[in-house]
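What follows is each chain in one-letter form.
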Amino acid sequence: MVSIAPAARRRTIATIALVGLVTLLALGSLGTGPVKLSPLTVLDALFSGSSDVHQIIVREIRLPRAILALAIGAILGLSGAALQGLLRNPLASPSLFGAPQSAAFGAVLMISLGWADVRSWALPVAGITMAFLSVFVLLGIAGRNAGLLLLILAGLAISSLAGAATALVMNLSPNPFAALEIAFWLLGSLEDRSFRHVTLALPFIVAGAIILMSQRSAFRALSLGEETAQSLGVHVSRLRLLVILGVALGVGGAVAVTGTIGFIGLIAPHLMRPIIGHDPARLLIPSALTGSALLLAADIAVRLIPSTTDIKVGVLTSIIGVPFFLYLIMRERRALGGGVA
Amino acid sequence: MSDQALLTASHLSVTLSGREVLHDVSLSLHRRHLVALVGPNGAGKTTLLRALAGLQSSTGAIHVAGHTLASLSLRERAKRFGYLPQGHVVHWPLDVKDVVALGRYPHGATDPARLTSSDKAAVERAMLATDVVAFADRRVTELSGGERSRVALARVLAVEAPIVLADEPTASLDPRYQIDVMKNLRDVADSGVLVIVVTHDLGLAARFADTVLVMSDGRLAAQGAPQQALSDDIVADVFRISTYRAEHRNETIILPWAGV
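If you read the protein sequences in the order shown, they are chains A and B.
Taking this note's numbering, the leading residue of the first sequence gets 2, the next gets one more, and so forth.
Taking this note's numbering, the leading residue of the second sequence gets 38, the next gets one more, and so forth.
Quick caveat, the hints were computed from the structure, so don't treat them as lab data.
Careful: at least some of the hints might be erroneous.
As the list claims (entries may be wrong) - Only part of the chain B face toward chain A is listed, based on derived beta-carbon distances under 7 Å:
1) Ala115
2) Tyr120
3) Val127
4) His128
5) Trp129
6) Pro143
7) Thr147
Said to hold, decoys possible - One side only, chain B facing chain A, incomplete, derived with CB under 10 Å:
8) Leu92
9) Leu111
10) Glu113
11) Leu121
12) Gly124
13) Leu131
14) Asp132
15) Asp148
16) Ala150
17) Arg192
18) Leu202
All C-beta atoms, glycine included, are put in the ideal place defined by N, C-alpha and C.
Generate coordinates for the entire structure from the input sequences, incorporating the hints supplied.
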């Protein structure tokens, strides 16, 4: 048999390098802001017991932001890789099933009702609930044994409905300030997030990640198509349900505390394929790490770009992500025409 | 045929969106047999194959080596049936050896990078039998249609299941590969496996199969040795054709000749 060592070693090295990159970016994120701190100062403030202003800046103000960027980037990258594996389509991303859009609608509804100010938990809870709801509706429309085309169409309908509902809420908002707040919230940001946000989002993100990771080997079998995967012992309809549930949990929780941050789930697996290969199971962890790195980097960038108004991180990821998406469509059009599908 | 049947189906029926596509099919098949499943388009060949593998829900009873199919978990079924669907789809450009290694999935080897020695040996045997060792490290999407179909067959053989179900494994192959694939399957059957092959090629069926099942309109129109099951009367009745028949090196040739 041919040795598999070189490919395996390359994957291991790539994964370790990604962990290093994410660590560096996390330190960078903790050091970036109105008060610039060196990585050593950051480490000192993180781990030393002494109480000073640096410690408050790093631990209280910047740590929640860095943790959220890390976790949300990871779950977006993981969700993207999982959905691309499930749908066997490199253009799939979490927004395909309408969960982020629905979560955003739930949160926007809370902002508009004025509940977000008095009870800050209302936002995440509404977001997660709507993400759940969208998935249940999706499954209701598509049925348990539905084909992928039906799922994609149902997801499209649901995301359009969520977008329309969000527009309606903004349309009906009682005053321009509320509409402005909603508009800014929708742009997606990690600014001024506290440990309260972390504790609200993280359990859902972790639960979603565990569910998605537990299905990793099934994605590999699914490379041969649903029928063959089933003949190999994969419970395909259950797999589909679990993936959608995992994505809804993770992405719903994430969107609710940050607004919509797009395209990380689409880009991350693509950046990894030339290095890791196309095996959808092996792509999961590197895609999660890449998602973390992308969101941490974007969140550092929005603090470094000189501008009079803060640039929202969701805007930056979209500005970079949309041209990338177009590039992918053009590239895949040729590749898919060549028989990969 | 005195040994106990490996796969039996009694009164199997399948209804798809209100139409009965499989009607009261009963059969009893043995190991070491290559069974050709023939019939006009839409006769229900693929449906029967899928029903036998448990991939299509059906009424009636299916027994595999003493177990009812319904009592077997998905994974237990997967260990007993190697299923080769039409088309040999691989959605990602995976390495050939990783695709073949997926045949070990029912046995718990879900990661091609971490195969046990017995899994590795099974993968190796399957790749040798189908002559795909030369491109083990190539991406499956880079292969020609004939090479890809051999890889698909290798993946099925790697399961080392007692039953192999192959849905038109010779479709879209050039004559040489059609013969190669049938010879492969004949060897697999001779090694003690029950092989069921859906094919439109009556010549290949007559030459390589021990048993031929002829389907027509969801029913089993005939079953038996090729000479009987593919008799002039049955072929004329089911396929609406006449055939040219001959012997060549002690093997039967059946050539579709004209419509009747």
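Here's how the hints hold up against the structure:
Below 7 Å, beta-carbon pairs count as interface contacts, and B/Ala115 has one with chain A at about 3 Å; its hint therefore holds. At a threshold of 7 Å, the smallest CB-CB gap from B/Tyr120 to chain A is about 4 Å, leaving the interface hint in force. Taken as an interface hint, B/Val127 checks out: its beta carbon lies about 6 Å from the nearest beta carbon of chain A, inside 7 Å. With a least beta-carbon distance of about 4 Å to chain A, the hint placing B/His128 at the interface is held under the 7 Å criterion.
At about 4 Å, the closest approach between the beta carbon of B/Trp129 and any beta carbon in chain A falls short of 7 Å, and the interface hint on this residue holds. Interface hint status for B/Pro143: upheld, as the beta-carbon distance to the closest one in chain A is roughly 5 Å, under 7 Å. Because the beta carbon of B/Thr147 sits about 3 Å from the nearest beta carbon in chain A, less than 7 Å, this interface hint is met. Checking B/Leu92 against chain A: minimum C-beta separation of about 6 Å stays under 10 Å; hint holds.
Annotation: interface hint on B/Leu111 holds; nearest CB of chain A at approximately 5 Å, less than 10 Å. Because the smallest distance between the Cβ of B/Glu113 and any Cβ of chain A comes to about 8 Å, under 10 Å, the interface hint for this residue holds. For B/Leu121, the suggested interface contact is upheld, since its CB lies about 8 Å from the closest CB of chain A, less than 10 Å. With its C-beta approaching chain A no nearer than about 8 Å, B/Gly124 sits inside the 10 Å limit, and its interface hint holds.
At about 6 Å, the closest approach between the beta carbon of B/Leu131 and any beta carbon in chain A falls short of 10 Å, and the interface hint on this residue holds. Using the Cβ-Cβ criterion of 10 Å, the hint placing B/Asp132 at the interface with chain A is satisfied: the shortest such distance is roughly 8 Å. Satisfaction of the interface hint for B/Asp148 is found here, the shortest Cβ-Cβ separation to chain A being roughly 6 Å, below the 10 Å cut-off. The beta carbon of B/Ala150 comes within 6 Å of a beta carbon in chain A, closer than 10 Å, and the hint placing it at the interface holds.
Hint on B/Arg192 holds. Least Cβ distance to chain A is approximately 7 Å, under the 10 Å limit. Taking 10 Å as the C-beta contact cut-off toward chain A, the hint placing B/Leu202 at the interface holds, the least distance being around 8 Å.
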